[in-house]
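Peer 1: Below, each chain spelled out in residue letters.
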Amino acid sequence: MDNEFGDAFGQLLADRCTPEAVRGIERGEGADALWHDLVESGFVDALVPEAQGGAGLSLHEVLPLVQACGYHALPLPFAETMAARAVLAHARRQWPDGPVTLDAIGDALPVEDRGALHAALTTAQIAGAAARVLEMSIAHAQQRTQFGKPIGSFQAVQHQLSVMAEHACAARMAAQLSFASASHLPDRTLAAMGKSVAGEAAAVLAAGSHAVHGAIGITAEFDLQLYTRRLLAWRVQGGSPSHWAMQVARQWWSGSHDRAIDFTLERLGAARF
Amino acid sequence: MFDSLSLTRIPADDEALRAPVRAFLDKALEGVAPEVRARSWGGFDAAFSRALGERGWIGLTLPKEYGGGGRSLYARFVLVEELLRAGAPVAAHWFADRQSAPHILKFGTPAQAQFHLPRICRGEVFFCIGMSEPGSGSDLASVRTRATRNDKGWRLDGQKIWTTNAHRSHYMIALVRTSGDAGSRQKGLSQVIVDLSLPGITIRPITDLTGDAHFCEVFFDGVQLTDDALIGAEGDGWNQVTSELAYERSGPERIYSSVVLLDEWLAHLRTRREPSQRSLALAGRVLSALAVLRSLSVSVNGRLAEGESPIVEAALVKDLGTTLEQFIPEAIADALGDDPDATLPDGLARTLQYVSQIAPAFSLRGGTREVLRGMIARGLGLR
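Going down the list, the sequences are from chains G and V.
So in the numbering used here, the last one in the first sequence is 273, and the numbering has no gaps at all.
So in the numbering used here, the last one in the second sequence is 383, and the numbering has no gaps at all.
Honestly, I wouldn't trust all of these hints.
[What the hints assert, rightly or not] Interface residues of chain G toward chain V, partial, derived using beta-carbon atoms under 7 Å: (1) M136; (2) A139; (3) E166; (4) C169; (5) A170; (6) A174; (7) M193; (8) S196; (9) V197; (10) T219; (11) V236; (12) A249; (13) D258; (14) A260; (15) I261; (16) T264.
[As the list claims (entries may be wrong)] Examples of chain G residues toward chain V, derived with CB under 8 Å: (17) L109; (18) Q176; (19) A180; (20) S183; (21) V248.
[Unchecked claim] A few chain V residues that don't get close to chain G, going by computed Cβ distances all over 12 Å: (22) I10; (23) D13; (24) G31; (25) V32; (26) V36; (27) S72; (28) A113; (29) L140; (30) R144; (31) S309; (32) E330.
Since the hints were made in silico from the structure, they are not lab data.
Even glycine gets a Cβ: it sits at the ideal position worked out from N, Cα and C.
Go ahead and model the full structure; you've got the sequences and the hints to work with.
Peer 2: Below, the structure written as structure tokens:
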């Protein structure tokens, strides 16, 4: 699932979207320079058809880009702009310059597809941020010493980190399912399932990483909050886990399969990757 | 490790196995009560296993020269998924199919493979797995059952416990000590194939809290094994057992143990004109979790199919899977209890009771939750 685009974009964010840069933008110091670099990279038109000047990639190919936005806590709507441009391009409409939210789509997309797109984008960003806070928590547990040994050597802490790893893994698979599309739009059910699972994982990762970090993790000065604040916001943005679980249930209800495996297999069959 | 489990496709020719298996199972299990089907890989039915064997559905991944199907692990995933979906009584051949047969193929001599594998594939002989002992459960390396060399082969003394279906199996692959003592830990352990009809073996079933008797105590009192009972290398038992566990932990049986109950409940919801919002949200939550878990499970299966041994990933998926398996009866009971005066269909009530009672075992069998989380922590570099 990782690819060259993802590596290049990840490197760009690692260089330019540093924790200091994120804090600066959050303080209102202006994001024009970072946005300029992101646009210059060309990735923002990744989903726009080649005939319209884009790279013509499918959703499943750009997953690493969106995960990287979450991993680096990018405080700009890059993923949303990328998606909105693709939708507008496919609808043969002009797209505005600069960063936009999915509101820019207007009526160019049925409301259900717009909701699914929003869910998929937040799911992938949750997966990225989940990986980041897990890495930070493991590193902290290995380095922070109490009672004469690293806290990561205590079984209670190990088990907490193991559970976080499970949920980070689930969120990552949820993101892969959400983005398993050969077009610029996600499958509605897969996006709903993905957000339901990733939303729950976000809460586990946010709470767990703070538990492992102790008081230092609560401070504004420490970087953890850059990611956990976003995890909690993305958890509910575009619909909470329960909201999306309800959408999945409605699809089950209106379908013909009563058996859980039959419904699941049918919907997983829509995955394109 | 976090990026090793990627969305994996089951090849079309393996997926094609689903239809004939489903057609067979629909007929074979017609009218079987849900609380019986909920037992699935706890349900023992020798005739059913032989019927599967006749169709070539035992030992699916074994080479054809040994009577196997010569198919991939993906085909086996499809087969197992269908067996669990139907709630088929597969316990008789399950352990041989999943663990013993691949183990004999990997570590056994050609003569051992030639002797055991064709009969396993026909569903004629059943195996059990002799690992736990009194005082040696999660701390498996403290095994004390001993095989001592003598002029006829090996003399076996000791005791196993929690051995599933020992009383109905023909053979056990036992982890035993061939040198050192319990303090030697992983060193000096070996594996032997024990013919359970030999003199000196006493097997006592243990009744569980649901009233079933599937696991057993097994006593070995001066049991004489022949030379060829040893499987693999003497002293290499620990490594052999460890490689076996990735197979034991990665399969769909670690995510679908409550699926018959889930289906009964979904069918019950369907009879309502309008299920409560809460019930629908629960259904959606479980179906979503199942989709992600199933994708993870296929992914681990794919790694195994590539010849890797994803032990940490298998532990991770098993812990996530058993957590969902245990959540399902708890949450369904709670949702149904919203309306304490409503009468439940008998099948649903009995299935809920059985799965609720047995659910604690889901995170004990095949390595406890605590042991698995320790393995994951090791994979994270924490120990």
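Peer 1: When the hints from earlier in the document are held up against this structure, which numbers fail?
Peer 2: 1, 2, 10, 11, 17, 20 and 22
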